[in-house]
Amino acid sequence: MGELKIPKKTYQATILENYALRLPGKLSNYLIRLRFDEKIICNPGQFFKFNVEPTREQEKPRLITVNEENETSQMSDSKAGVDFAVQQPLIARPFSIGHAEVQENTTILTFIYKIFGAGSLHISKLQQGETIKVLGPLGGNLFYLPKGKTRAIMVAGGVGFPPLTFLADSLLKKSIDSIDLFVGATSSLGLPLPKNLSQQLRSNTLSDLSPIFRVIADPKVNFGIATDDGSEGHPGLVTDLFERALADSDPEKTMIYTCGPWPMMAKVARIAGEHGLNCQACLEEMMGCGIGACQSCVVRIKSNSEQGWNYQLVCRDGPVFDADDVLWEK
Amino acid sequence: MNIDQIEHKTEIDMSVELAGIRMKNPILTASGICGYGLEYLPYLDLGKMGAFTTKSITLEPRDGNPAPRMAETRAGLLNSIGLANVGVDKFIVEKLPQARRLDIPIFVNVAGRTVEEYCEVASRLDEQDAIAGLELNISCPNVACGALEFGVDADQAGMLVSAVRKVVKKRKLIVKLTPNVTDISDLARAVVDAGADILSLINTLRGMTINIENRHPILPRGVGGLSGPAVKPVAVYCIWKVYNEVAGKQNIPIIGIGGVQYWSDAIELMLAGATAVAMGTVMYVNPQAPLEALVGMEDYCRRHKVDRIADIIGTAEPPRAI
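Taken in sequence, the protein lines are chains A and B.
In terms of our numbering, the first sequence has 28 at position 28, counting the first letter as 1, and numbering is strictly consecutive.
In terms of our numbering, the second sequence has 177 at position 177, counting the first letter as 1, and numbering is strictly consecutive.
Since the hints were made in silico from the structure, they are not lab data.
Glycine is no exception: its CB is placed at the ideal position from the N, C-alpha and C atoms.
Fair warning: there could be bad hints in the mix.
[To be verified] Quick list of in silico lysine-lysine cross-link-like pairs, DSS-like style, CA-CA up to 27 Å: (1) B:Lys24 <-> A:Lys9; (2) A:Lys149 <-> A:Lys174; (3) A:Lys302 <-> B:Lys90; (4) A:Lys9 <-> A:Lys26; (5) B:Lys48 <-> A:Lys9; (6) B:Lys95 <-> A:Lys302; (7) B:Lys48 <-> B:Lys166.
[Said to hold, decoys possible] Here are the simulated distance ranges between beta carbons: (8) B:His216 <-> A:Asp228: 18 to 26 Å; (9) B:Glu94 <-> A:Gln103: 35 to 43 Å; (10) A:Asp228 <-> B:Glu149: 44 to 52 Å; (11) A:Glu306 <-> B:Thr114: 30 to 38 Å.
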C-alpha cells in the first residue's frame, strides 16, 4: 500500500461550478468543481478539507469600523446576521475527490457533496468565480489494484460515489478488463448523478456531462443504479446488483471496492468475504484536523492486541482500509 | 502584509518571557491540537511560533474514547478524545527527538489518574533537556476517573501540585486550570502556593449535545469539552480575574487559552492578563491561523504605538462601574 510522500498544503481554489445535481435542497447531491493554479498530484481515496469560514472581507475583525457603518446597512446586515449566526460553521469539512484533471500549471478537481449540516450548506451557497480555501490532498492509505486483478466491482452508496468514479477513471487509464460500477440511494432524488443522465447516455452526448460522470459511458464499465423506493434503476438495494454481478466472478482476478453508508459497506464486506474476494473500503468518521493530530476520526481495526483491535485514524491510516481488517460491528 | 514578511519587520518587539522562558512571540499551540509536533509541519511552519504544547501524555498508552469523538456546536466544538496518546516512554523515545527539531520551547502536557502517576510521568519528563516546561492537565473532562477531580478542588489541586513540584526540578511547571469551578482564583492561588511557575487557562468547558431525532447524546460519553469561539468570553473573564486577583500580584505569567481565532482575540486575552496566547480549535478551521494572527498583532502594536508587545499584558482598563 502506497504511503504518501507528496507535500500537502493550503490552496485558494476558484469555483468553476457549484450546483444541485437534482432538485436543490437537503435530499440532493451537489457538484462543485475547483480550479487550482498549479499542478497537484491526486490519487483515488484522497480528500480535501474545505474551509467554511466567512469570506475574507467578513473575516477581518471589524473592531474599528463597526461604529462608522450607517444604521441602515447595520439593520439589513443584522437581519442576515441572525441567519448567518445560526448557521455559521466552524471546522473545515472533508470531501473525497471525485475527478481530477491535472495539467502542468492547472488542476481541476470535482467533488460531490450532500447538505448534511451548516458546513455543507455554507458551501452550497458559494457562487461560481468565488474562491475557497482548501487543505489537501489528504489521506494516508489509498485505493490500489493488487497484482493479478483484472476486474473491479465498485459498490457505492450516495456520496460514497465520487471516490469510486475517481478510482474507476484511474484504473481505466492503466490496465483493467472490466469495471462494474454500482450506485444506490434511497430514492432518485438522492442519486449523485445528473438528472438527464440516461438521455445523455442514450444520445451519446457525453461532452455535455461533467467529467466525473464520463467513466459511466466507458465501454469497459458496466453501470448500475439502485433505489430503495424503485424510483430509478433497480428497485431495491445496491448490494442486490453486487450479488448478481458476483455470479460470474473469478476470485483470483476480481477486486471489490466500496464507499458509502457504514451498514452498506459492512454488507459488501461480508458478501465479499463469503466469496473469498479482496475488498477495500473507503471509510468516514467525524474529523477534526484531517492530518493525524487530533485523534478524532477513529475506527476499530483488528489487531493482535488483547482486545483484538486498535483504533486507527480515518484521515491518516485510511481513509481506505482492507475490509477484512475493519471491525464492522458497531 | 504577507506572512513571509514577519521576520523582516523588526521594529516591534514581539517577544515575551514566560517565567524565564523566552518566546520570540506570544503565540503557541494549545495542548491536544497539534499532536506531538510534526503532524502540522506540512501545513504550518511551527518554527515561527513562540512555543509548542504537546497533547496530554500519560504513564501508559491510552486508546481514548469510541467515535464520534467530536461534535460541532454553534461557534464551538465539543470533543471527547479521552487522552488518547502513546504513553510517556514511547513519547520520549519516538516523538520528543522529532519535536525538538522545531527549535522553539516545547511544553509537554501531563495527565494521570493518581498523584503517583502524575509524579512518575513528570519525573521522567523532567530529565529531558528538550523540554522547556511541563503543563499539568488537572482538568480534562473526558476521562472517567477524572483528572478533573483534582482541578475543581483547591485542596486536592494544591496537594497534587506540591507532590509534582518535588519531582520537577529542572523544568518550569505550568498548571492548566478549568473554568468549571465556583471561583477560579481559589484554584489559581492554591496551585501557585504549591509551586506552579506558570498558569494556563482555560481548559474546555463541560458541555453536551443531543441528537433530537433519535434522542441520543451525540458523544458516546454524553459529556464533552467545549472549545472554540463560543468560550472566548469565559476565557477573557477568567484570565482577567486570575491576573488581577492572583497572578499579576505574584508575578506569575498566564498562558491564555480559549476560543482565539483571530489577532484581535489574542490581543484581547493579553490585555486581560495573558503573557502568551495559545490557539487550539481554530487550527482545524485554518492551520495558518497562528501566523495570520501574528501579522495582525504586530499591526495592532504599530497602530497603538507600542514598541514591545509585552507592554500590553494586563493593561485592560478597569470596568467603568467599579
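Here's how the hints hold up against the structure:
no.: 1; hint: B:Lys24 <-> A:Lys9; in the structure: holds (25 Å)
no.: 2; hint: A:Lys149 <-> A:Lys174; in the structure: holds (12 Å)
no.: 3; hint: A:Lys302 <-> B:Lys90; in the structure: holds (22 Å)
no.: 4; hint: A:Lys9 <-> A:Lys26; in the structure: violated (31 Å)
no.: 5; hint: B:Lys48 <-> A:Lys9; in the structure: holds (17 Å)
no.: 6; hint: B:Lys95 <-> A:Lys302; in the structure: holds (25 Å)
no.: 7; hint: B:Lys48 <-> B:Lys166; in the structure: violated (33 Å)
no.: 8; hint: B:His216 <-> A:Asp228: 18 to 26 Å; in the structure: holds (24 Å)
no.: 9; hint: B:Glu94 <-> A:Gln103: 35 to 43 Å; in the structure: holds (40 Å)
no.: 10; hint: A:Asp228 <-> B:Glu149: 44 to 52 Å; in the structure: holds (49 Å)
no.: 11; hint: A:Glu306 <-> B:Thr114: 30 to 38 Å; in the structure: violated (22 Å)
This entry does not satisfy hints 4, 7 and 11, going by the numbered hints stated previously.
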